[in-house]
Amino acid sequence: MIVQRFMSSIPPFETNQYIVGCLETKLALMVDAGRWDARMEDFLADHALTLTTIFITHGHFDHVEGLADALKATDAEAFSATGEVGGVTTRVITPRESVTVGTLTGRVVAMPGHTPDGLSLIFPGVVFSGDALFSGSVGGTATPDLAAEQLAHIRAHLLSLPDEVEVLSGHGPVTTIGVERRFNPFLK
Amino acid sequence: MHSTRHAPCPCTTPECARAALTHAAHCWAHLPNPEAYVSILDQLDLSGGWFVGVDFSGQNLDACDLHGSRFSGANFAEASLVAADLTDALLDDADFTGANLRGAMLSFAGLGGALLTEACFAGAQMVHCGLVGVSAERADFSGANLYYARPAAANLPYANFQGAQIERCIFRKSDLRHADLRGAEGTANFENAQQEGAQR
Numbered sequence: 001m002i003v004q005r006f007m008s009s010i011p012p013f014e015t016n017q018y019i020v021g022c023l024e025t026k027l028a029l030m031v032d033a034g035r036w037d038a039r040m041e042d043f044l045a046d047h048a049l050t051l052t053t054i055f056i057t058h059g060h061f062d063h064v065e066g067l068a069d070a071l072k073a074t075d076a077e078a079f080s081a082t083g084e085v086g087g088v089t090t091r092v093i094t095p096r097e098s099v100t101v102g103t104l105t106g107r108v109v110a111m112p113g114h115t116p117d118g119l120s121l122i123f124p125g126v127v128f129s130g131d132a133l134f135s136g137s138v139g140g141t142a143t144p145d146l147a148a149e150q151l152a153h154i155r156a157h158l159l160s161l162p163d164e165v166e167v168l169s170g171h172g173p174v175t176t177i178g179v180e181r182r183f184n185p186f187l188k
Numbered sequence: 001m002h003s004t005r006h007a008p009c010p011c012t013t014p015e016c017a018r019a020a021l022t023h024a025a026h027c028w029a030h031l032p033n034p035e036a037y038v039s040i041l042d043q044l045d046l047s048g049g050w051f052v053g054v055d056f057s058g059q060n061l062d063a064c065d066l067h068g069s070r071f072s073g074a075n076f077a078e079a080s081l082v083a084a085d086l087t088d089a090l091l092d093d094a095d096f097t098g099a100n101l102r103g104a105m106l107s108f109a110g111l112g113g114a115l116l117t118e119a120c121f122a123g124a125q126m127v128h129c130g131l132v133g134v135s136a137e138r139a140d141f142s143g144a145n146l147y148y149a150r151p152a153a154a155n156l157p158y159a160n161f162q163g164a165q166i167e168r169c170i171f172r173k174s175d176l177r178h179a180d181l182r183g184a185e186g187t188a189n190f191e192n193a194q195q196e197g198a199q200r
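For the protein sequence lines, the chains are A and L, in the order given.
With the working numbering as the guide, the letters of the first sequence map in order to residues 1 to 188.
With the working numbering as the guide, the letters of the second sequence map in order to residues 1 to 200.
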């Protein structure tokens, strides 16, 4: 597996998206699509990767603004929880389904709270947490009930993973499950 | 084929569950000659690699390209990493006690739980750097760019942030007692931070 982060300024946010490549088959997945530009095209070309799948963690504009351009430029198929994000139709994917790209298979888990349609994608050793779990923080929610719901899902699906699992989130730096379990003020 | 950060190969020691280091067949614990391994690393490509637990203490890694590599639990105590590129590196629980990272590039790196006591990050690029739970007493961040860095729940007593860029930096629940923030620029988040004796 090869993973590359791309950060885009999408005012007022600075948002991450990721390309995950299968080294054996040269097929690739993109997690979120805040932008589609030469950085992603060059990365795919440099590694001889073909983008086949786009996984949307949730429908906020800073995660989907580049989706239409990405679909226009590639033959990739997009997946989201709702089947429509940012005015673009996608295939619906539900929790407990999986996303397969070449020899890589990620497990989809529900992560409602920040948005009702929130999803995370878990590969062996790496989780793409979307806007649910960040380094030292969690996704903002509209009500305390939604915060509690999000926290319950983080505990059930993410904190149950081994300490060494990397967390790659929609904003900010890389972290690990172990670090967040020990230090994240919102998980105490 | 050798280990990379996201495609680590298993250690060849029977029944060992750990991953082999990049440019080696063994994990750090089973490396037959660890000193020889470390001594040649500065001649090799160290980006995107797997260096979990390696002892780099006292080594000179100035200007080395270490970006995107995993150094979880590695020992960099008293090492020199001046102007080294650690962008996107995963450095959780690493030990940088007394290390010199002046002018290093640490943007988007994850240093959660790392020991940074008396380390020097003066002038370092630490944009969106993960510093959750670090122990950084008397560390020097003077002139560093900490834009949107995340030192939440961090121990930063007597740390020096003179002239640092701290716009959107998240010091939530950090211990900043007696820290020196004189001349630090920008609006940071100090929610529930301890700031007794801090200089602003």
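Quick caveat, the hints were computed from the structure, so don't treat them as lab data.
Honestly, I wouldn't trust all of these hints.
Far from chain L by the CB rule (all over 12 Å, computed), these chain A residues [claimed, not checked]:
#1 27
#2 37
#3 73
#4 77
#5 92
#6 143
#7 148
#8 155
#9 164
#10 168
#11 178
#12 184
#13 188
Computed beta-carbon distance windows for the label pairs [stated by the list, open to error]:
#14 A:42 <-> L:16: 51 to 57 Å
#15 L:185 <-> A:144: 49 to 55 Å
#16 L:33 <-> A:83: 53 to 59 Å
#17 A:25 <-> L:33: 46 to 52 Å
#18 L:34 <-> A:148: 56 to 62 Å
#19 L:158 <-> A:142: 35 to 41 Å
#20 A:98 <-> L:34: 37 to 43 Å
#21 L:43 <-> A:156: 43 to 49 Å
#22 A:144 <-> L:58: 29 to 35 Å
Ideal placement from N, C-alpha and C gives every residue a C-beta, glycine not left out.
Status of each hint after checking the structure:
1. 27: At about 15 Å from chain L, residue 27 of chain A clears the 12 Å cut-off, so the statement holds.
2. 37: For residue 37 of chain A, whose nearest Cβ neighbour in chain L is about 18 Å away, the distance exceeds 12 Å, so it holds.
3. 73: Correct as stated: the minimum Cβ-Cβ distance to chain L is 25 Å, above 12 Å.
4. 77: holds, 23 Å
5. 92: holds, 28 Å
6. 143: Its Cβ never comes within 12 Å of chain L, the nearest being 20 Å, so this holds.
7. 148: holds, 20 Å
8. 155: Since the minimum Cβ distance to chain L is about 18 Å, residue 155 of chain A lies beyond 12 Å and the statement holds.
9. 164: Given a closest Cβ separation of 7 Å, the condition is violated.
10. 168: violated, 10 Å
11. 178: Violated, because the least Cβ-Cβ distance between residue 178 of chain A and chain L comes to about 7 Å, which does not exceed 12 Å.
12. 184: Its Cβ does come within 12 Å of chain L, the nearest being 7 Å, so this is violated.
13. 188: For residue 188 of chain A, whose nearest Cβ neighbour in chain L is about 9 Å away, the distance does not exceed 12 Å, so it is violated.
14. A:42 <-> L:16: 51 to 57 Å: Between residue 42 of chain A and residue 16 of chain L, where Cβ atoms are some 38 Å apart, the hint is violated.
15. L:185 <-> A:144: 49 to 55 Å: At roughly 35 Å between Cβ atoms, residue 144 of chain A and residue 185 of chain L fall outside 49 to 55 Å, so the hint is violated.
16. L:33 <-> A:83: 53 to 59 Å: holds, 57 Å
17. A:25 <-> L:33: 46 to 52 Å: violated, 37 Å
18. L:34 <-> A:148: 56 to 62 Å: Since residue 34 of chain L and residue 148 of chain A have Cβ atoms about 48 Å apart, the given range 56 to 62 Å is violated.
19. L:158 <-> A:142: 35 to 41 Å: About 40 Å separates the Cβ atoms of residue 158 of chain L and residue 142 of chain A, which means 35 to 41 Å holds.
20. A:98 <-> L:34: 37 to 43 Å: holds, 40 Å
21. L:43 <-> A:156: 43 to 49 Å: holds, 47 Å
22. A:144 <-> L:58: 29 to 35 Å: Since residue 144 of chain A and residue 58 of chain L have Cβ atoms about 50 Å apart, the given range 29 to 35 Å is violated.
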